[in-house]
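From first to last, the protein sequence lines are chains V and R.
In this text, residue positions in the first sequence follow our numbering: the first is 1, and each later residue adds one.
In this text, residue positions in the second sequence follow our numbering: the first is 1, and each later residue adds one.
Just so you know, not all the hints are guaranteed correct.
In this list, chains with the same sequence are indistinguishable; a pair is considered to hold if it fits within one copy or across any two.
Here are the simulated lysine to aspartate or glutamate pairs, EDC-like style, with alpha carbons at most 16 Å apart [said to hold, decoys possible]: (1) Lys-249 x Asp-83; (2) Lys-247 x Asp-83; (3) Lys-316 x Glu-303; (4) Lys-204 x Glu-225; (5) Lys-258 x Glu-194.
If you are wondering where the hints come from, they were derived from the structure by calculation, not from laboratory data.
Protein chains: 2
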Amino acid sequence: MMNFKSISKSMLLLSSLALSSITLTSNSANAANNEWITLGTMAGPIPDATHSQPANALLVNGNTYVVDAGDGTAGQLAKAGLDIKNVKAVFISHLHFDHTGGLPAILSLRWQTSAQNELVVYGPPGIKETVDGIFSFMNYGAAGNYGVPGQIPNPANTNVKVVEVADGTTLKLEDFTFSAIRNTHFSWPENSPEWKKFQALSFKFELEDYTVVFTGDTGPSKAVEQLSQGVDLLISEMMDIDHTVNKIKLANPRMPEKRFKGIHRHLSKHHLAPVQVGELAAAANVKKLVITHMAPGLNTPEEVEFYKTQVTAEYKGDTTLANDLDRFELIRK
Amino acid sequence: MMNFKSISKSMLLLSSLALSSITLTSNSANAANNEWITLGTMAGPIPDATHSQPANALLVNGNTYVVDAGDGTAGQLAKAGLDIKNVKAVFISHLHFDHTGGLPAILSLRWQTSAQNELVVYGPPGIKETVDGIFSFMNYGAAGNYGVPGQIPNPANTNVKVVEVADGTTLKLEDFTFSAIRNTHFSWPENSPEWKKFQALSFKFELEDYTVVFTGDTGPSKAVEQLSQGVDLLISEMMDIDHTVNKIKLANPRMPEKRFKGIHRHLSKHHLAPVQVGELAAAANVKKLVITHMAPGLNTPEEVEFYKTQVTAEYKGDTTLANDLDRFELIRK
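Working from the sequences, and respecting the hints, build out all of it.
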């Protein structure tokens, strides 16, 4: 039995560890809530000073899932009070590096801290080769381990499994049913070799009492609209295309005008303008809309208001333009 | 010639881009100053909620260099107003993943934004294999590129060069003379195969008018003390070993006690306690000391005071316990 003295001692220890142990404290506090956390809300690939690159956490029944993993996802998880060692799975929507650049850190830091739980990486065709590349990146460092003679290091791929998903995949997992469909972020001709090889996917997570669709990066898409029909929560990308092209111009003053036109065309077909986000949410009749993956980001209240006006002209439901580390409870009200 | 109307229009455009173009503005403002920026000041591998993983920027003659690149370095560079496309070289002190986990994002996001400048990665034996692994991680995604038929993507290794350095390397580079020596972060027996294969290095950067030594991760080391003799600035690691072991215990309640003793022994030999940081700075008679790579981090003013007292008991010179994004001008006063 714990006497008063030992309680005080424990309390002192806990108090001195309070800040560094934020991970554990928050984890247990959140165990009961299913949540979607927008870890990084800025579209890449240009790193931003105020918003982290695309990444999300999905918490279900106390388990942590990561949905896309841009640069800095490991740090953003810590900021959200989540432990990388407890990540059960990572879902990658497509293989653009602003959505995968933080995955090497997650896998290698988990290895370095001897994570015991298996982590599964789900992603489109190519995810196996991509993750094998991460193991190649890790091999030499892992062999050196902590520089202690006689230590036998674990192989780089310890406790990591990779599952390739594609257009039409449905998987019944422990905490939800997961489905993937092809969206319009890529414009390969139907049934070309590239059409199959390079897929950009949107995801549906059907929890016991709640359903979430995550668009990933996409342009206007009937398939995404269909996937989203009547869901409780739509997490949608958004892009202010003119503003983004101006930003690219500013960063690349010597780029030929023709190139900018190409970029503009690419962005218009492969992303959703604010009005189109509203149209998607309205057509799919979703119960709630959270907008993330913003470009060029939300830096002023005026900007937020400007985008919100355009979206809500089309969609009259509950709408949030998310910031990094915003949390959304997955409960029907 | 620009008339008033077009000036106003440009100013409006500039004003609407002001926040998103922070990169460019700050870059030009800093072009004249040589600086050391502590991008991430927390020792890994456990991601921290308040401090980013080990990473630094060295600005010389308007050029940007990165020294170690933990998770989230690309984002930290953006926060410091620096453009990843302008990074001229990355220096990696050793191949632990808390020092390399952010490198895949830097290389892949540079690729994705068509960086035109060459970037050189300098690092210990194994850096070539490590960076080749990053290219393997990138290959599939790079082949898919932006999903536009007919586009020919650049190979993943475009504009990246790798230079292996080791104990005793000295290189005369454009902006400084760079030297590397082996420190005591690893404890391989001298002249064993591992001794050569796995090297943890400390670095010296001799600018025209200023000299910086970066310890990387190290335990007490005569070689580091010698390298640091009389330098203008010593950037040193530091670790509160008891506190760190307690933190590991808290995060791994089921780990056997024997394992903790091993970890304690490893940390004591391979890192510098606060007093030892002071001893190093005093013995090397350095002009200024900046402490980074803290474990378990600096979360309260009391903690900062506690560590500072221990360091300054040994070293009487100018001492700073750095936080993320602190900037130090490299000018002799």
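Results of checking the hints against the structure:
{"no.": "1", "hint": "Lys-249 x Asp-83", "result": "between (39 Å within a copy, 14 Å between copies)"}
{"no.": "2", "hint": "Lys-247 x Asp-83", "result": "between (35 Å within a copy, 13 Å between copies)"}
{"no.": "3", "hint": "Lys-316 x Glu-303", "result": "neither (19 Å within a copy, 50 Å between copies)"}
{"no.": "4", "hint": "Lys-204 x Glu-225", "result": "within (12 Å within a copy, 57 Å between copies)"}
{"no.": "5", "hint": "Lys-258 x Glu-194", "result": "neither (25 Å within a copy, 53 Å between copies)"}
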